[in-house]
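Undergrad: Please build the complex by placing chain C on the supplied structure of chain D, with the hints as guidance.
Going down the list, the sequences are from chains D and C. Take the first sequence: its position 52, counting from 1, is numbered 52 in our numbering, and each next residue is one higher. Take the second sequence: its position 124, counting from 1, is numbered 124 in our numbering, and each next residue is one higher.
There may be inaccurate statements among the hints.
Label pairs and their in silico Cβ distance ranges [claimed, not checked]: (1) C:M2 / D:A81: 32 to 42 Å; (2) D:R42 / C:G23: 37 to 47 Å; (3) D:R9 / C:P130: 44 to 54 Å; (4) C:P165 / D:R42: 25 to 35 Å; (5) D:R10 / C:E92: 16 to 26 Å; (6) C:T211 / D:A59: 50 to 60 Å; (7) D:D37 / C:E182: 36 to 46 Å.
Worth flagging that the hints you see were computed from the coordinates, not collected in a lab. From the three backbone atoms N, C-alpha and C, an ideal C-beta is built for every residue, glycine too.
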Amino acid sequence: MRDGIEAARRGVASVALVTEQFWLQGDSVAVSAGMPDLPRLRLPHPVAGTGHDAMARVADQFAARIVEVLRGQALADNVVA
Amino acid sequence: MMLEAPDEAAALELLHASGCTDGLPVVIPTQGRVDRLVLASGLDADHLLGEMGPGGGAATIEKIATNAVMAGCATDHMPVVVAAIRALLRPEFDLGEMQATTHSTAPLMIVSGPMVRHCDIACGFGALGPGHRANASIGRAVRLCMMNIGDARPGVSDMALLGHPGKFGFCLAEDEAASPWESLGRSAGFSIEESVVTILGAEAPHSVVFTNDADDADSPSRLLRAVAAVIANTGSNNANFGAGSVAVAFNPEHAEVLAAAGMDRAKVQAELHRLATNTRGHLRSLNTGFLRAGDEDDVVHAVRRPGDIVVFVAGGSGLYSAVFPSWAAGAHRNAVVREPIVTGESCEVPWAAAAPPAGAPTQS
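Just chain D, with the same shape it has in the complex (with noise of 0.2 Å):
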């Protein structure tokens, strides 16, 4: 979440990707930043320690929504349509 309002910060389009058991902490944490409305995507719960093939699969799943966020053609999961 942080690494995300860094890029933001600097400029650089960013969408941070938390996972389902830390999606509170990454409002808090959007919100005492001063940018609640950093896109974020809602990944599964856990995805360290994983392993290799797992990691892939969600990597998998969320490469093209990343960009697209990025891209302003879709919508992050914070945001209400």
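TA: Showing chain C alone in chain D's frame:
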């Protein structure tokens, strides 16, 4: 924000419902009670000590006093609470990151100097347990500040997977009277007249049992090896990260074993640093995610430098000392911070000109 309620019982329920408590009843922070502790700080109510993470709340004296009232602090305690908050806000403490970690860590506050006696901060039997008003109130005040100013909420912004009881309050004094070594404050370069709070983010105490044998010349070495084995405990972050700080509370009897062997604090720290090790192979046989692969016989120290081990005397005399491992992460690897306790600013506070209460216990 000012909350209103018809009576104190209703106010307590309102504070519980607002998430402003630690789950236990609090003293209702009426304006008069808050003003009294603001006065005791010797600073203006709107004096800003800094922004407290992870929420970035403004740590003003009035907010700190409000939380200190809720925690049950007396006026005497306020300078200690202010010093502790100043220490936590030092950038090298990485408080925002520490509050948000999944590790079970809490600021362990060790108070040294004249304020220990003045505030009656316990350093002996059960100093980290119940029954000591100053320890409980000061420690709790800091925790409530971390929750209500820093916005650390369990499962939302404080992501400790389990936490530990020290997250309610984690404050004790160094037993300078029983210590064979100079105080922590003196060791850090403060004068003997200054009171100092030393803080590191720490786990709950891990007990170390040791039986001395005055006829055994190897006793001091056995004691150090016993303590070092707990510092190098392979379940700790220190052992796996090879970094961070650690506190070691020697009980007076154990400290005397080391002092009788001619060991000052620096020697104890150096020996503990030398002995608290694992091999790369052993650590990687348990966790593959922290240390890179390499020569399995490489020696990995649990802390980088001897000075990362805070050695002090506390607790009753007997079989047990204690090790407090740390989180060992963050940009500054869980640095130890120290802050003088400023009392000169509080000349208007009644106790400042008075002697300690009759019958007040000494620190021994």
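Undergrad: Is it true that the C-beta distance of R10 (chain D) to E92 (chain C) lies inside 16 to 26 Å, as the hint says?
TA: Roughly 24 Å apart at Cβ, these two residues keep to the hinted range, so it holds.
Undergrad: Falls inside 50 to 60 Å, the C-beta gap from T211 (chain C) to A59 (chain D)?
TA: Between T211 (chain C) and A59 (chain D), where Cβ atoms are some 56 Å apart, the hint holds.
Undergrad: Look at the Cβ atoms of P165 (chain C) and R42 (chain D) and judge whether their distance stays inside 25 to 35 Å.
TA: 33 Å Cβ-Cβ, so the 25 to 35 Å window holds.
Undergrad: Given a hinted range of 44 to 54 Å, is it respected by the beta-carbon distance of R9 (chain D) and P130 (chain C)?
TA: Holds, at about 46 Å.
Undergrad: Quick one: are R42 (chain D) and G23 (chain C) within 37 to 47 Å, going by C-beta?
TA: With a Cβ separation near 29 Å, R42 (chain D) and G23 (chain C) fall outside 37 to 47 Å, so the hint is violated.
Undergrad: Could you check the hint for me, namely that D37 (chain D) and E182 (chain C) are 36 to 46 Å apart, CB to CB?
TA: Violated, since D37 (chain D) and E182 (chain C) (Cβ atoms, about 54 Å apart) do not stay within the stated range.
Undergrad: Hint says 32 to 42 Å; check whether the CB-CB distance for M2 (chain C) and A81 (chain D) agrees.
TA: 38 Å, holds
In this structure, the hints that do not hold are numbers 2 and 7, in rising order.
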